[in-house]
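*Asks:* Read off the chains here:
2 protein chains.
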Amino acid sequence: MDKPIRIIQYGLGAIGRAAARLVLEKKNLQLVGAVDRDPKLVGRDLGEVLGLKRKLGIAVSEKLDRADAVIHCTASKFEECAGQISEIACARMHCATSCEEALFPALRHRALAAKLDRLCIRHRVAAVGTGVNPGFVMDTLPVLLTAVCRRVDAVRVLRVVDAGTRREALQRKVGAGLTVEEFRQRVKAGTIRHVGLSESLAFVADALGRKVRKVNERLDHVLRADGRVAGVKQVARGGPLTLELQMYVGAPNPRDEIHIEGDPPLHLIMHGGTPGDIATPAILVNVIPRLVEAKPGLHTMRTLSLPHIT
Amino acid sequence: MDKPIRIIQYGLGAIGRAAARLVLEKKNLQLVGAVDRDPKLVGRDLGEVLGLKRKLGIAVSEKLDRADAVIHCTASKFEECAGQISEIACARMHCATSCEEALFPALRHRALAAKLDRLCIRHRVAAVGTGVNPGFVMDTLPVLLTAVCRRVDAVRVLRVVDAGTRREALQRKVGAGLTVEEFRQRVKAGTIRHVGLSESLAFVADALGRKVRKVNERLDHVLRADGRVAGVKQVARGGPLTLELQMYVGAPNPRDEIHIEGDPPLHLIMHGGTPGDIATPAILVNVIPRLVEAKPGLHTMRTLSLPHIT
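Chain order of the listed sequences is A and W.
Counting from 1, one number per residue, gives the positions in the first sequence under the numbering used here.
Counting from 1, one number per residue, gives the positions in the second sequence under the numbering used here.
Errors might be hidden in some of the hints.
No distinction is drawn between identical chains; accordingly, a pair holds when it is met within one copy or between any pair of copies.
[Claimed, not checked] Straight-line C-alpha distance at most 30 Å; calculated DSS-like pairs for lysine-lysine:
hint: 1; residue 1: 233; residue 2: 40
hint: 2; residue 1: 295; residue 2: 27
hint: 3; residue 1: 295; residue 2: 26
hint: 4; residue 1: 188; residue 2: 26
Hints are computed from structural coordinates only; laboratory data are not their basis.
Since we're looking at a predicted model, the values are computed, not measured.
Whenever a hint applies, use it, and build me the whole structure from the sequences.
*Replies:* Listed below in structure tokens is the structure:
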């Protein structure tokens, strides 16, 4: 067997900790370091931080050490992450990031993405933004489906998540329990919003060779019986593409549903949906071997070879 | 825009003709030649052979000319196709083949596949076997789904095709209308059998890193009300993997259904299924740009970058 790929976990929030725990289960991967800037975590043993019953002999560090690849889970905005990913690339390590805007960074930050691409090429490493959404159900999966089509006229994706079955952070993120007034204030402040829906749409448009000049995104609340907010309905539209995300407590029939209008028309349903709390750490970990074998550069999920469990 | 990729269509059966017609619709591809050994076709204008109302100025030839890539649709057995694909590789052309066993040729012909791989590398071209089944619904698609899994315990795929809605050749292929005795004779003679189910299973097993020593394949008939054969039910099993293909006239609820048992469990249904008569030529054409950009060698659908409509 080949030597395991040595991994540093960068960012120890819920997704980062889940990714690190999963790395420990994989024979072809070896967890060798952890980075977090939180002073409450720095210096502690990673086993303890991950809630394991054993020490790992890995101290959480503020500083990036050496490994083969980094799983990066710190922020949603590409501008906030690009510096960290650059640092990772300069240290000659591959990087899988959960940064939502990194799914298709050219949408909002074309110049910055091109710069990071050149940096990756210079240091002969590969980087990609992924996750379950953005990263899989509303972008990579519908794009793959078009492989069996002669013609695609329109793509519609609907993701329905019952936020009541998800971690509390997600319920807060969708505004569950707020009054409509509180909800509106938070939308204004930008604290309620799924980041990455426009990036998913731009990714699909790009794969289809369509110029989408502007993605229209709209965010509405869904109400509970008592008049408070149950969660959100967020829709992105651009040309013949529509991505709709419903995330609220009590959403019936949770699912991921893809309609391809074309020849042939395709209608796919993932019943029960794809649970992000598990699936996002999983795809971050599973994509690592694909990065290691990829051409150097800043990738998207369609320029890597087929991702699958590692 | 880049120069179009110049294509030769090799093999002018139903799938080959459909692929050639589709190439004509694609701006990034240019049909420049056609090969078939059938003396009734040789020398005729391709436009006429394709049922178009115009001439294309391309004469069907017995001999392989020069292009960038070849869409190869002649036979199901890898042994029968390997010589032709070698010839294509030696002429420095990429090759997408509908040869069912080429989906995962290492299953039955490891040495021959390794030899063809070396030949492709020497001539700096890429080749792959693909189609809708094998090639997509029972192999590539379930493998991609595992990308969002922490753990996979078992994979079950069910493809139900109503042969009554498909081209007549398929109805004959599944034995529709035969007596049970006639059906058994044809099964014995090997003329009734979907080729590639074991290859799909071996492809999935390989992606999951599972050693499957032996694929068990079983073929049964499905009866009509009048006691004659309606079609086939074919099942391949190996370790925790089960692929079941039902193809018969009048099959209810046609669909492609994938169950991943694991964490998370996933349950996907493609309602109505993925019609092979359209989807196989489509994926053969759509995979061409992925081949052109790939590393040289004999690929599988999981070593190319994400296929999608071109």
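*Asks:* Determine for every hint whether it applies to the structure shown.
*Replies:* For each hint, the structure was consulted:
1. Taking the shortest alpha-carbon separations for residue 233 and residue 40, neither the intra-copy value of 36 Å nor the inter-copy value of 60 Å comes in at or below 30 Å.
2. In this homomeric assembly, residue 295 and residue 27 come within 30 Å of each other (Cα to Cα) both inside a single copy, at 24 Å, and across copies, at 27 Å.
3. In this assembly of identical chains, residue 295 and residue 26 lie within 30 Å of each other by CA distance both inside one copy and across copies; the values are 24 Å within and 27 Å between.
4. In this assembly of identical chains, residue 188 and residue 26 lie within 30 Å of each other by CA distance neither inside one copy nor across copies; the values are 42 Å within and 45 Å between.
Hint violations for this structure: numbers 1, 4, all remaining hints satisfied.
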